[in-house]
Amino acid sequence: MCEGCGQLHRWPSLSSRSVARCVQCEAVLGRGHRLSTQALTALTLAALLMLLVTHLSNVASIRLQGPVLAATFPMAIAATWREGEHLVAVLAALTAVVAPALFIVLRLYVLLPITLHRRPLGFRTCMRWLHHVSRWNMVEVLTVAALVSLVRIADLAQATPGPAMYAMVVLALLLAGIESAGVKHLWHELPEVAR
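Taken in order, the sequence shown gives residues 9 to 203; the numbers are from this note's numbering.
Hints in this document: simulated from the structure, not taken from any laboratory.
You may find that some hints are simply not true.
Said to hold, decoys possible - Estimated spans, in silico, between C-beta atoms of each pair:
1) 181 / 140: 34 to 42 Å
2) 125 / 93: 42 to 50 Å
3) 188 / 106: 17 to 25 Å
4) 98 / 16: 33 to 41 Å
5) 64 / 14: 17 to 25 Å
6) 74 / 11: 52 to 60 Å
7) 125 / 74: 55 to 63 Å
8) 121 / 91: 39 to 47 Å
9) 174 / 144: 21 to 29 Å
10) 133 / 32: 27 to 35 Å
The beta-carbon is built from N, C-alpha and C at its ideal position, and this holds for glycine as well.
From just these sequences and the hints, can you work out the full model?
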């Protein structure tokens, strides 16, 4: 279905450089991609690893006239909550922790069985959730915000990016690559899969 005008379409199998457009409003419905299911699975596994590094290691180390402060991203969200910024903490947790984790886990839940030539249970439901979760996945926004914060705090203190900062940059690139392939092509992978 076209998100611009609501026109229903039968989804064609697209070659790597082709573009599907709506017959009514000419909106882009999808683009062909070059990544195989195995390549997407590998990228998604790498994204899971980077997500773990992002949330388990220090985002930055800040030296303020002596003591060094270092925090993981979940620790920063918890500190934001304790400071009374509940809405900011909830939005940060939702867009930088929950949505990317759900996006990666749902992708793996769909991709791993297809890679093994099996049909995933609840495929349609997972595809709907993937569509909704991808709209809330904002790791790239978080990455830019963290980098800007480090640059701004450099005038007040000595700030050094930690492993999580680098992992966030890699994660943003991996998620962009994964999302560029879309999910609609997975429907065409299913007929080849043993039921």
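Please test the hint of 52 to 60 Å on the beta carbon pair from residue 74 and residue 11.
Between residue 74 and residue 11, where Cβ atoms are some 54 Å apart, the hint holds.
Could you see if the CB distance from residue 125 to residue 74 stays within 55 to 63 Å?
60 Å, holds
Within 42 to 50 Å: is that where the Cβ-Cβ distance between residue 125 and residue 93 falls?
Taking Cβ atoms as reference, residue 125 and residue 93 lie about 48 Å apart, which means the hint holds.
Quick check: does the Cβ-Cβ distance between residue 133 and residue 32 fall within 27 to 35 Å?
29 Å, holds
Residue 121 and residue 91, beta-carbon distance inside 39 to 47 Å?
44 Å, holds
Kindly confirm whether 17 to 25 Å is satisfied by the beta carbon distance between residue 64 and residue 14.
Between residue 64 and residue 14, where Cβ atoms are some 44 Å apart, the hint is violated.
Given the hint of 17 to 25 Å, check if residue 188 and residue 106 actually sit that far apart at their C-beta atoms.
Holds, since residue 188 and residue 106 (Cβ atoms, about 22 Å apart) stay within the stated range.
Given the hint of 33 to 41 Å, check if residue 98 and residue 16 actually sit that far apart at their C-beta atoms.
37 Å, holds
Verify the CB-CB distance for residue 181 and residue 140 against the hinted window 34 to 42 Å.
Roughly 23 Å apart at Cβ, these two residues miss the hinted range, so it is violated.
Tell me if the beta carbons of residue 174 and residue 144 are separated by a distance inside 21 to 29 Å.
24 Å, holds
In this structure, the earlier hints numbered 1, 5 are contradicted, and the remaining ones agree with it.
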